[in-house]
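K.L.:
Each chain, written out:
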Amino acid sequence: MSRLEAYREIAPQGSVEFLLRMAEKVQGKKIIHVNSTKLGGGVAEILRSLVPLLQSVGLDAQWEMITGNEEFFSTTKAFHNALQGQEQKIPPAMLQNYLEVNRENAKHLSLGADFVIIHDPQPAALIESRPPKGKWIWRCHIDVSQPQRKVWDFLRQFVVNYDATIFSLPRFAQRLPIPQFLIYPSIDPLSDKNRDLTPEEQQGILRRLKVSLDKPILLQVSRFDRFKDPLGVIQAYRLVKKHHDLQLVLAGGGATDDPEGEIVLEEVRQAAQDDPDIRVLLLPPDAHLEINALQRAAAIVLQKSLREGFGLTVAEAMWKGKPVIGGFTGGITVQLVYGVTGFTVNSVEGTAFRIHHLLDNPEVMTKMGQDAREFVRRNFLITRHLGDYLALMNYMGR
Amino acid sequence: MTTRRAANPFIFVGCWELREMLGRSARDERQLLEAIEEVPLDSLYYHTHSFLLRHKYIAGPYPNDFATWAAIQVRDRVLGEKLGILSPYDFGNLESMRAEIVTIIADHLSRLQIIPRVIYEEPFHFMQSRIISAPTGLQAHTLPEFREVLGTVDASVIYYHTFEAILRLGKPKGDFALWVEEQLGLPELGEKISKIDPYRISLESIRGRILNLCDQFLGEGGQQK
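As they're listed, the protein sequences go chains A and B.
The first sequence stops at residue 418 when you use this note's numbering, and every number in between is there.
The second sequence stops at residue 725 when you use this note's numbering, and every number in between is there.
This is chain B alone, in the form it adopts within the complex (with noise of 0.2 Å):
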């Protein structure tokens, strides 16, 4: 079973995050708001996804920008830990995301009798993320062969194949729980690897809990239950 090889074998991408600055900004929750209603899909994409492109070896303290910057610059921890809880992983696509983060500023601002602000603190400044893919030249036929590279590869690899996999090419799995289902014939693995939240932990840790899912899986002789 371990040795099963793939007709098509995973090409192993990555990818580079450019940032582009919007010149919008907000100093108050309100203008968050208002300005997280009209800015581009790719700058929502930006302040909840590639966060974890910046950040490939530190989780930070909330799962997205919107959270970290009212809970630590607004020192608004009520919305921080609201939108915090939030997780991208609950929606279809980005459209759907934004209505949500709407919904949940609107209704913590309509409970309060003065807006949140900046004082001493950053504004927060909207950007968007401009993603360069490029094929890393690395592919694998089979688990083993996936294993090591993945355990090799930079780990932009795992946020494209990941996060870009999900939102932006819409497959809602992500590549590496596809590829190992429906190229190795895999689907108990491939179901155990698709159910790693993203969301919630850096890109490194994503890539040791998958490398551990391959391990045990080749551990137990590779036998699909």
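Extracted from the complex, chain A is given alone in its bound form (with noise of 0.2 Å):
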């Protein structure tokens, strides 16, 4: 059975059939992704699951991986952060540093194929030794709306050279005299993060990680970030906790590399620290089935981001059959339709006032959770992502 088939029963009615009709076009083509890692983030998560469904529908589907020395990688990510606005000095040494790398990693990797996907900015520069044949594509997976100007021109050298480009939201691109497509990246309903799982499964999880479900929770799943605005989320439950019982739980992963966020979370569990009903649980960063067991645990979920990437956490939380009460950013705005898959809000009050809404009209949140998870199975499973791809191939390869 290929892998494909995996999922008929999960995605939308008929999508596995069209999908294996729009494969029939490019049978047998080539496609390389090249990114960074095939550990952490993302980005591996999706490549992960989309280049096996790629195999599996008949095409040469390879993933590759560029290697640095500690300064490439340094270099990378002051680009990662300046692309995102931040002020960073990248002294021309550390850029000539950048090339070579990815001069040394093009003399090594195969690069010839049909496509080739080059995610991020990191092997970027790969443009410079793309052979003769084949069609290149820059996958962005960040915003770069407001970069750093001088990061942002020492790189688009580079990106306009590709044939075209791909974006997850329009916000997050920058003019290009290039084709610019958005993708929306995806999760893996069959994933440990997305899977069903048994009631004993669950029950054992939660009561490792020692949540009980003797009151309602409100769940949010992040890092400890300012960005994810956690002592919102405890300012909000505090205006409900006065009319409802109920107990919050902020799960989110390790700041270990990241001073600010041992800052935050030491301010997190400060303002916990008086009230027994919230739980703030560090996790680690595998700790899928966890994430998945509170997610299925929860009976309203948050994602009161200031400021957001994609926010696929909301996604998660919407197949799970949830109600996602999300800040107004980013991708969240694409994921929660107003009333309908979920509420947006731009302040504690706000989202007080959801969960309040929610709490007192439990047929709403049914209804709503019931939306929420019929539309990412049409918009934000891996199986759109895999369609998304095929129609490129079958637009760009005409």
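Please note that the accuracy of each hint is not assured.
Under the rule of at most 35 Å between Cα atoms (straight-line distance), these lysine-lysine pairs were calculated in the DSBU-like manner [what the hints assert, rightly or not]: (1) B/Lys692 <-> A/Lys387; (2) B/Lys582 <-> A/Lys387; (3) A/Lys45 <-> B/Lys671; (4) A/Lys97 <-> A/Lys170.
Listed next, with one range per pair, are the computed distances between beta-carbon atoms [as the list claims (entries may be wrong)]: (5) A/Leu303 <-> B/Asp715: 47 to 55 Å; (6) A/Glu383 <-> B/Arg700: 23 to 31 Å; (7) B/Ser587 <-> A/Leu303: 47 to 55 Å; (8) A/Glu29 <-> B/Gly670: 32 to 40 Å; (9) B/Gln639 <-> A/Pro151: 21 to 29 Å; (10) B/Gln716 <-> A/Gly61: 49 to 57 Å.
A few chain A residues facing chain B, derived, Cβ under 7 Å [what the hints assert, rightly or not]: (11) Gly34; (12) Arg41; (13) Met42; (14) Gly61; (15) Ile198; (16) Gln200; (17) Phe201; (18) Tyr204; (19) Gly407; (20) Leu412; (21) Asn414; (22) Tyr415; (23) Gly417.
Hints in this document: simulated from the structure, not taken from any laboratory.
C-beta: ideal position from N, C-alpha, C; glycine also.
Using the hints, build the complex out of the two chains.
P.N.:
Here you go:
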């Protein structure tokens, strides 16, 4: 059985059949994805699911990874921050090292293919070594709408030599003289983070985390980062707590390499310490089943971000049939159709108001959760992502 | 009557929308107006039609992106309502629809002292559709076969044979009604299918209504009055 077959009962009706038909037009074509890590991060998570699916529909799909020295990754980390608007100083020697590492990788990687998809800035300069045949596409996962100008100018000289770019949201993009496509990221409904759990599995995980189900759970899963506004979440919870007996779970990844993250975590712990109904859970990066169990146990899921990338934790919760209240920012706004698949809010008070509204109207919660799940089924599952790539190859390969 | 076999089967074709960004946006209603006057027709198509392809399950609060943006992002519900009532069904082509949209917005702005704009919310980002079509490999020769297959196909099939057929392929009745009329010789059923206004409901609702019409017809013994 092909890997895609496993999605037949999950994906929208008839869509697996249609994906197979679209794939017929690009049978045997070679597609190479290139990024800089196979472990950790949203890009690797998506490619881990997407590449085997591309293979399962008859494409020669490969996933290559560039390697580099410490200086290279310091440079690309600085790129990452500068492209998202933070002031960074990148001396010419570091830029030179970036180019040399890309050239060195180009010598070792086999980049001859019908389609080469280069993910993010790290391998962007590989375009200098493109072979004469094949379409090259730069897939940018980050928001480059307000970059530090010098860094963008440096990167732009490579980007304009691609045949096309892909961004996750229109507002993340820059003006470029090449076609720019919009492809949303996606979640894999069969991964540990999203697959169905048996009641025993779920109970076992919650027991280990010491989370009880005796009161409705408000949940936010996110790094302890000011942009995720965990303190705002606690304030909203307190406004609701006067009228509803509920508990708040703030679950997030480690903050060991982020000094500010540690400060935020400490502030959150301080704010929560006098309330036994607030649980702060510091989870390791591979706690996929734990996040899955918490999302399934929650009554309402929050993603009260002040600034966000795409925010796929929203789609994860929606897929589990949960009503989500999210900050009006980034990709949250395209996932939450206001009042239908969730609520977007702009303040602590707005968050509290919508929590009240949902708890007071359980039928709204049920309906919103159902609509949210269907919305994700059609828009944010890996099968839709596969379709977008097949459509792109059909279009670019004409 | 129900077993009438068409000489030419109905070939079910699906489609996938690849979304291309034009790199142009509007932060106020004047900029929206100017851009609508200038963008390619494929962009107008994207914002007034393929909206449904993106919301196969849920019909949005307004039936096109311009109305939704005015009402929700700019918080100008008056313009949202004026654009929301617009039915692309009433226009023979996209160029005449563009003229009507421009007239509506220009008329609205002429009555205002201040141009409404987004403050905290999202600018309008102009996009265009690249529709990739592919046969599903499914076909029907009779009405019961047609009904059965239509009930199972991907929702993009409904989109392709309704919206793409009407506006891009120049078949005002849509493919379903045309085939039922011409190949099955059932003009009354074809007429009923062609009267479904697809712009006000979701693709799943269109599917449901066509299936109901087929069921009614088959339940009545498949007799053409």
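K.L.:
Each hint: holds or not?
P.N.:
Hints versus structure:
no., hint, result
1, B/Lys692 <-> A/Lys387, "32 Å, holds"
2, B/Lys582 <-> A/Lys387, "30 Å, holds"
3, A/Lys45 <-> B/Lys671, "26 Å, holds"
4, A/Lys97 <-> A/Lys170, "15 Å, holds"
5, A/Leu303 <-> B/Asp715: 47 to 55 Å, "51 Å, holds"
6, A/Glu383 <-> B/Arg700: 23 to 31 Å, "26 Å, holds"
7, B/Ser587 <-> A/Leu303: 47 to 55 Å, "51 Å, holds"
8, A/Glu29 <-> B/Gly670: 32 to 40 Å, "38 Å, holds"
9, B/Gln639 <-> A/Pro151: 21 to 29 Å, "42 Å, violated"
10, B/Gln716 <-> A/Gly61: 49 to 57 Å, "54 Å, holds"
11, Gly34, "3 Å, holds"
12, Arg41, "5 Å, holds"
13, Met42, "5 Å, holds"
14, Gly61, "24 Å, violated"
15, Ile198, "10 Å, violated"
16, Gln200, "4 Å, holds"
17, Phe201, "6 Å, holds"
18, Tyr204, "9 Å, violated"
19, Gly407, "5 Å, holds"
20, Leu412, "6 Å, holds"
21, Asn414, "5 Å, holds"
22, Tyr415, "5 Å, holds"
23, Gly417, "11 Å, violated"
When held up to the earlier numbered hints, the structure conflicts with 9, 14, 15, 18 and 23 and fits the remainder.
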